[in-house]
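Start from chain A and add chain B according to the hints.
2 protein chains.
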Amino acid sequence: MRLYLVPISGNSYKVRILLSLLNVPYEKVVVDHIKKEHKQPAFLKLNPRGEVPVLEDDGTVIWDSAACLIYVARKHGGEQWLPTAPAELAEVMQWIALAGEEIQFGLQYARRGVLQDRWTAGTLEQCQATGRVALAILETRLKNNEWLALGRPTIADIACFPYVETAPEAQLPLEPYTAIGAWLARCKALRGWTAR
Amino acid sequence: MRLYLVPISGNSYKVRILLSLLNVPYEKVVVDHIKKEHKQPAFLKLNPRGEVPVLEDDGTVIWDSAACLIYVARKHGGEQWLPTAPAELAEVMQWIALAGEEIQFGLQYARRGVLQDRWTAGTLEQCQATGRVALAILETRLKNNEWLALGRPTIADIACFPYVETAPEAQLPLEPYTAIGAWLARCKALRGWTAR
Numbered sequence: 004m005r006l007y008l009v010p011i012s013g014n015s016y017k018v019r020i021l022l023s024l025l026n027v028p029y030e031k032v033v034v035d036h037i038k039k040e041h042k043q044p045a046f047l048k049l050n051p052r053g054e055v056p057v058l059e060d061d062g063t064v065i066w067d068s069a070a071c072l073i074y075v076a077r078k079h080g081g082e083q084w085l086p087t088a089p090a091e092l093a094e095v096m097q098w099i100a101l102a103g104e105e106i107q108f109g110l111q112y113a114r115r116g117v118l119q120d121r122w123t124a125g126t127l128e129q130c131q132a133t134g135r136v137a138l139a140i141l142e143t144r145l146k147n148n149e150w151l152a153l154g155r156p157t158i159a160d161i162a163c164f165p166y167v168e169t170a171p172e173a174q175l176p177l178e179p180y181t182a183i184g185a186w187l188a189r190c191k192a193l194r195g196w197t198a199r
Numbered sequence: 004m005r006l007y008l009v010p011i012s013g014n015s016y017k018v019r020i021l022l023s024l025l026n027v028p029y030e031k032v033v034v035d036h037i038k039k040e041h042k043q044p045a046f047l048k049l050n051p052r053g054e055v056p057v058l059e060d061d062g063t064v065i066w067d068s069a070a071c072l073i074y075v076a077r078k079h080g081g082e083q084w085l086p087t088a089p090a091e092l093a094e095v096m097q098w099i100a101l102a103g104e105e106i107q108f109g110l111q112y113a114r115r116g117v118l119q120d121r122w123t124a125g126t127l128e129q130c131q132a133t134g135r136v137a138l139a140i141l142e143t144r145l146k147n148n149e150w151l152a153l154g155r156p157t158i159a160d161i162a163c164f165p166y167v168e169t170a171p172e173a174q175l176p177l178e179p180y181t182a183i184g185a186w187l188a189r190c191k192a193l194r195g196w197t198a199r
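Keeping their order, the protein sequence lines are chains A and B. All residue numbers for the first sequence refer to the numbering used here, where the first residue is 4 and numbers rise by one. All residue numbers for the second sequence refer to the numbering used here, where the first residue is 4 and numbers rise by one.
Think of the hints as simulated: they come from the structure by calculation, not from any bench. There could be a bad hint or two in this list.
Just so you know, same-sequence chains aren't split out, so a pair can sit in one copy or run between any two.
[Claimed, not checked] Taking lysine-lysine and the DSBU-like style, the derived pairs with C-alpha atoms no more than 35 angstroms apart in a straight line are:
(1) LYS48 - LYS38
(2) LYS42 - LYS146
(3) LYS146 - LYS78
(4) LYS191 - LYS38
(5) LYS31 - LYS42
(6) LYS48 - LYS146
On a predicted model such as this, the values are computed, not experimentally measured, just so you know.
Same shape as in the complex, but just chain A (with noise of 0.2 angstroms):
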């Protein structure tokens, strides 16, 4: 299994984290995202949408981050990590959805756009306004659940948890969010699971 990814992208992360926590081994192909390696006619063969992460494994090649996660945690991860039955699949793909967008268009771009001055989908204050919609709808839930989905570790709680830790560099502190540090703390306490 090959995965192309950057270094400090989140989304990219996230397949890491899953490859770790299942300790499938695999290939890291890096690729330059200041000489903009991802927009090239190489790299858009693999994936026209141009960005990381990609899985390539055995000639199937898989593109988006939940899309990788779904992949590797039901080749490699049995019922534990994404289970087929519908309530319960459903369940997990409900924060696969937060995580692609709120989080992803909120807590993100907000931190993108601190970090690289780069505002494709709103300003600061958008951002951060949708950003803050997930992380009340993340401390809700935590609130009451030790987990995000299914009452134990699955890939809605790996999908979610980079942008969310990495809040306070999109001008968001985790201060208020007390359920949500201390599930950030739950994820990183799980067995193989890897350091950014």
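Just chain B now, with coordinates in the frame of chain A:
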């Protein structure tokens, strides 16, 4: 099964399409979005995100349009609309991700802005730029494929359909995208497809 929806909502429309294709009987509960019923405590109990659609089925509550599609496809559609083999599931999920990200934050938010003068994630130009990324990826894919994933209709097509069809309302004419145009027609010709 009970579907909470807003009649003009494309995200609600996705779930209505699949329920119709699979001929699943359900009760419609129309949420009054003008009165902001979806932001009131009673609705927020069902869905902390405060959005339609929401699906209720024998005590199971599913929010998020993609999660609703996944639930219905797995419960009533066998392997046809969402298979669970790792590579197949991931292939469908790539397009579900595109639907929730570039299509939602590009095509949908540009349309909502034009129709309701409501801008929460960038200007018209920014939303259109994001929307054009989605259209380009779809056009490339559909030039050589009748369907987005697996060579047959799946929930990938349903998830992408509504806000691509309404791209002209976001001031993005579809005439240059001939492969997308043919695909929209193929979708609408599916037996059991429901009109907006």
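Status of each hint after checking the structure:
Taking the closest pair of Cα atoms, LYS48 and LYS38 come within 35 angstroms of each other only inside a single copy of the chain (17 angstroms); across copies the shortest separation is 47 angstroms, beyond that limit. In the homo-oligomer, the alpha carbons of LYS42 and LYS146 lie at most 35 angstroms apart only across protomers (21 angstroms), although the nearest pairing inside one protomer, at 41 angstroms, exceeds that limit. In this assembly of identical chains, the alpha carbons of LYS146 and LYS78 lie at most 35 angstroms apart whether taken from the same copy (32 angstroms) or from different copies (30 angstroms). In this assembly of identical chains, the alpha carbons of LYS191 and LYS38 lie at most 35 angstroms apart only when taken from the same copy (32 angstroms versus 43 angstroms across copies).
Proximity of LYS31 and LYS42 under a CA criterion of 35 angstroms is satisfied intra-copy only: 19 angstroms inside one chain copy versus 44 angstroms between copies. Taking CA atoms no more than 35 angstroms apart as the test, LYS48 paired with LYS146 passes between copies only; the shortest distance there is 15 angstroms, against 44 angstroms inside one copy.
When held up to the earlier numbered hints, the structure conflicts with none and fits them all.
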